[in-house]
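Below, each chain spelled out in residue letters.
Number of protein chains: 2
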Amino acid sequence: MTESLTPELEAIVSAAAAAAPAFAATAPEHRARAIVAVADALEAAKPELVEIAMRETGLTEARLSGEVTRTAVQLRLFADTLVDGGYLDARIDYADDDFALGVRPDIRRVLLPLGPVINFSASNFPFAFSVMGGDSASILAAGCPLIVKAHSGHPELSDATARVAAEALAASGMPEGVFHLIHGREAGVAVLKDPRVQAGAFTGSIGVGRLLADIAASRPAPIPFFGELGSVNPVFITADAIAERAAEIASGYLTSVSGSAGQLCTKPGFAFIPEGGALPEAILEAASEFPEHRLLDPRIAKSYDERRSAVLGSPGVRAVIEGGIRFDEHGHGWATPTIVAVSLDDFRAGKEALVEESFGPLSILVETPEGTDLAALMPEFYEGNLTGTLHLSAAEATGTTANAAELRALVAALANQVGRVLFNGWSTGVAVTPAQQHGGPWPATTNDSSTSVGTAAITRFLRPVAYQNAPAALLPEALQDTNPLGVPQSIAAAGESREWGSRWR
Amino acid sequence: MTESLTPELEAIVSAAAAAAPAFAATAPEHRARAIVAVADALEAAKPELVEIAMRETGLTEARLSGEVTRTAVQLRLFADTLVDGGYLDARIDYADDDFALGVRPDIRRVLLPLGPVINFSASNFPFAFSVMGGDSASILAAGCPLIVKAHSGHPELSDATARVAAEALAASGMPEGVFHLIHGREAGVAVLKDPRVQAGAFTGSIGVGRLLADIAASRPAPIPFFGELGSVNPVFITADAIAERAAEIASGYLTSVSGSAGQLCTKPGFAFIPEGGALPEAILEAASEFPEHRLLDPRIAKSYDERRSAVLGSPGVRAVIEGGIRFDEHGHGWATPTIVAVSLDDFRAGKEALVEESFGPLSILVETPEGTDLAALMPEFYEGNLTGTLHLSAAEATGTTANAAELRALVAALANQVGRVLFNGWSTGVAVTPAQQHGGPWPATTNDSSTSVGTAAITRFLRPVAYQNAPAALLPEALQDTNPLGVPQSIAAAGESREWGSRWR
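Each protein sequence line maps, in turn, to chains A and B. Heads up: the first sequence is residues 1 to 505, going by our numbering. Heads up: the second sequence is residues 1 to 505, going by our numbering.
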């Protein structure tokens with residue numbers, strides 16, 4: 001059963017499994033305090049953590065410092081979420097002697113933590129999608145012991161973050177074994193295969209994500225696997241929007257493409273614009289202000305360099321901003337943004353070379369002839385994506401212009417293939433809020449039923465259990481009539497069933 | 001892409017895919033009316049449908065007639081669910097200039113239908129888990145075009161049910177292509193593999209369920225697959241419960257084991273009782289009243305016969321009620337209940353032969369010595385189960401007896417491995433209500449995040465989409481400030497984020 005684990009991993013997984021019942025039973029306020037303590041400790045350690053992160057990732061101090069704040073805010077939001085208790089989806093059906101199908105027992109349902117979960121962290125967000133990032137926050141908030149697989153791009157930072165977090169959890173009285181950090185893909189795979197591990201989370205490439213998802217699905221007892229993978233985030237910009245504010249759109253686009261050197265899963269990889277418009281020129285004018293930026297690691301830099309050459313070499317592609325990449329003596333690549341334009345016909349002809357994600361500061365303008373059915377382009381060129389964006393004019397936003405039906409069709413086409421549809425904005429900011437949706441159909445994620453950002457992320461690590469005619473003394477607190485935790489409870493009273501469907505005849 | 005589909009299947013899948021946008025856009029009241037019309041039509045056709053079902057399945061008229069009612073009630077409940085709109089989990093975060101992480105845009109999130117879904121129907125519930133059963137009801141209520149794969153055990157009934165449903169849907173003005181019936185496992189597999197199909201549902205054996213789940217997971221674009229598979233539903237009965245009401249427990253147990261000839265996924269396959277108690281004798285006394293019952297089909301009968309012999313032949317197993325099975329000239333098997341008893345030691349020694357599901361009216365009493373750690377038996381003997389049951393005395397239900405801690409540990413152990421924990425009842429009734437949970441960890445289901453009975457089942461066929469800064473004219477109705485559908489909306493106001501986590505320091 002556990003033959004493939006090294007003694008060290010065996011100790012970690014058995015500690016996590018042993019901690020699961022006690023961690024699940026921690027009082028919500030207690031668990032919340034521990035999570036807030038982690039947030040506070042990370043912010044207190046910000047200077048030393050950011051210094052390591054800068055060295056290991058090449059990301060800027062401003063970006064990394066903001067990311068620590070985001071990570072801390074995220075942890076605090078999950079602390080509030082777990083104490084609020086709405087995520088438990090507590091449902092109570094009172095017993096009903098007059099039930100439409102005979103006597104109905106008292107049934108009460110709540111979500112319980114799954115048990116130990118492994119989280120594979122990301123390269124491009126060394127804090128917010130890493131050791132104590134959003135996935136870890138939602139796993140701990142759900143009450144599941146957490147095993148994090150560090151990303152090989154920032155091992156020292158991972159260790160330092162783990163030390164800070166482990167101390168805060170222990171000092172807050174959390175059970176031993178609720179949090180471990182491991183290194184190495186082989187170790188991660190071995191843990192993912194272990195029967196005591198109940199779910200996996202991942203942020204990274206399509207290739208690795210699919211590999212891990214397949215492992216999770218093919219275990220003797222399959223487990224859920226939540227992978228957030230690749231995305232090219234198409235943008236559609238109308239002629240009227242360009243006429244209204246070409247300079248603003250150009251500047252927003254360039255900022256979004258070049259931020260964090262384009263190494264964001266929400267970078268706009270494609271913008272569909274009407275041919276012959278003023279946008280390319282506006283982009284060229286806005287371009288002077290972007291300094292070169294180091295890519296995360298030499299492997300990513302090399303792959304970006306190859307991708308960029310392939311795009312520039314595809315028939316009909318012309319550089320709007322050529323940009324470039326140079327390599328330093330350590331093999332690190334330093335890039336400035338590359339923006340190219342191509343006609344829809346040439347894009348179609350070069351689809352295979354062009355449509356893939358370029359992980360770096362490159363984006364492709366596709367110039368569409370008048371009368372193009374924009375809604376049809378989504379299924380023609382793309383699979384699932386994290387985001388899809390529409391820029392329209394003030395008049396078009398009213399839904400009363402001559403092209404209103406086309407715009408509605410385009411919005412529906414985007415909603416059908418992405419997790420988040422944006423209007424007049426840029427996809428690279430992902431607010432951490434209750435309504436956020438960071439997901440999307442394959443290959444944006446391996447599992448499109450949930451989000452990896454925002455409070456809805458917590459439900460990934462829970463499973464529903466119903467209690468039938470349970471004595472009050474043996475019910476979970478969230479399901480008790482006295483509701484000692486004060487959580488929202490949906491109640492189905494007796495006598496309702498006779499009316500079911502009658503309103504809709 | 002669709003090379004493996006026959007022309008007939010290609011026509012069905014493309015009709016379903018073409019119908020998806022229009023069906024998703026039907027007004028909730030309109031879709032609800034259509035679903036209620038299906039319910040009404042099924043009840044109107046009850047006499048002819050039950051007659052076919054009796055012939056094809058061998059189930060009794062009373063059972064089948066009740067099942068039609070259940071199926072109709074279930075459809076009406078989903079009609080109410082979809083109009084209520086709470087299942088949409090509509091969330092609105094208002095824009096917030098003072099947000100903790102910088103300006104927050106307006107973000108609104110709702111669940112949208114997945115698109116075409118295939119539902120593989122069950123043998124043992126020719127109505128309630130078949131053509132218009134619970135899975136079909138939740139798929140249609142969610143707004144997803146439905147392709148049902150008929151079970152080979154009742155093809156004529158499936159065709160008759162499909163005619164009734166298709167007429168009602170068409171007469172209610174639903175788009176063409178929203179419902180199709182297909183026959184044959186090969187056809188089902190071909191449809192499950194088709195890239196236009198977005199999810200699968202299944203009720204049946206572990207073997208077939210796993211096969212289909214693996215197909216869904218290994219597609220180029222994997223899709224969710226919700227299989228409800230096998231379960232043995234362990235029961236634990238305390239000494240005090242037996243002392244209090246042995247005859248009542250004996251009679252309830254026998255009724256639950258023998259109902260529908262034991263061919264229910266919630267049949268109690270094992271009851272753990274204290275050794276030396278009065279229950280076996282009480283069961284023997286209660287046993288005279290059970291007439292023989294035809295098993296669903298010759299294949300199931302043969303496999304039950306073999307299973308029963310293996311159980312009876314396992315060392316240390318003694319018959320409490322021997323029961324039996326005889327075969328008629330058509331190969332049909334007619335069974336009466338078999339109840340056996342075995343000591344915990346012999347159960348442990350014979351685990352491999354004994355612990356598997358017996359699909360038919362057989363159940364095993366396991367006699368445990370005083371002082372047995374009951375909570376430890378669940379992980380020792382069982383994987384995931386649909387249900388786990390505890391019978392206790394009135395005094396034990398107060399949680400104040402000397403064994404209260406052991407009982408709590410047992411309830412926690414059950415909750416950890418099953419979808420529904422019952423007290424002083426029998427698992428074979430599954431009420432169709434908002435709080436119901438019909439699921440459980442592998443191999444009870446392929447996917448433990450959801451239920452296949454009750455209104456929570458609808459979320460299986462939906463995916464979340466967020467709209468960022470969307471103009472009102474382009475927002476789905478459920479997310480509009482004017483809330484024309486009157487659905488529940490969770491609202492996050494501006495200004496809240498500064499306080500996050502502050503209460504839990």
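Any given hint could turn out to be false.
Covered by chain B, according to a simulated footprint, are these stretches of chain A (three or more residues, beta-carbon under 8 Å) [unchecked claim]: (1) 107-116; (2) 249-260; (3) 290-301; (4) 434-440.
For the record, the hints were derived by calculation from the structure and aren't laboratory data. Here a beta-carbon is modelled for each residue, glycine too, at the ideal position from N, C-alpha and C.
Count the residues of the segment 249-260 of chain A whose CB lies closer than 8 Å to any CB of chain B, then report whether that count reaches three. Coverage by chain B is violated here, the residue count being 0 at a Cβ distance below 8 Å.
Are 3 or more residues of the segment 290-301 of chain A near chain B, judged by a Cβ distance of less than 8 Å? violated (count 0)
How does the segment 434-440 of chain A fare against chain B when you require at least three residues with a CB closer than 8 Å, holds or violated? The restraint on the segment 434-440 of chain A holds, since 5 of its residues have a Cβ under 8 Å from chain B and three suffice.
The segment 107-116 of chain A covered by chain B? Criterion: 3 or more residues, Cβ-Cβ distance below 8 Å. Holds, because 5 residues of the segment 107-116 of chain A bring their Cβ atoms closer than 8 Å to Cβ atoms of chain B.
Taken one by one, the earlier hints fail for this structure at numbers 2 and 3, listed in ascending order.
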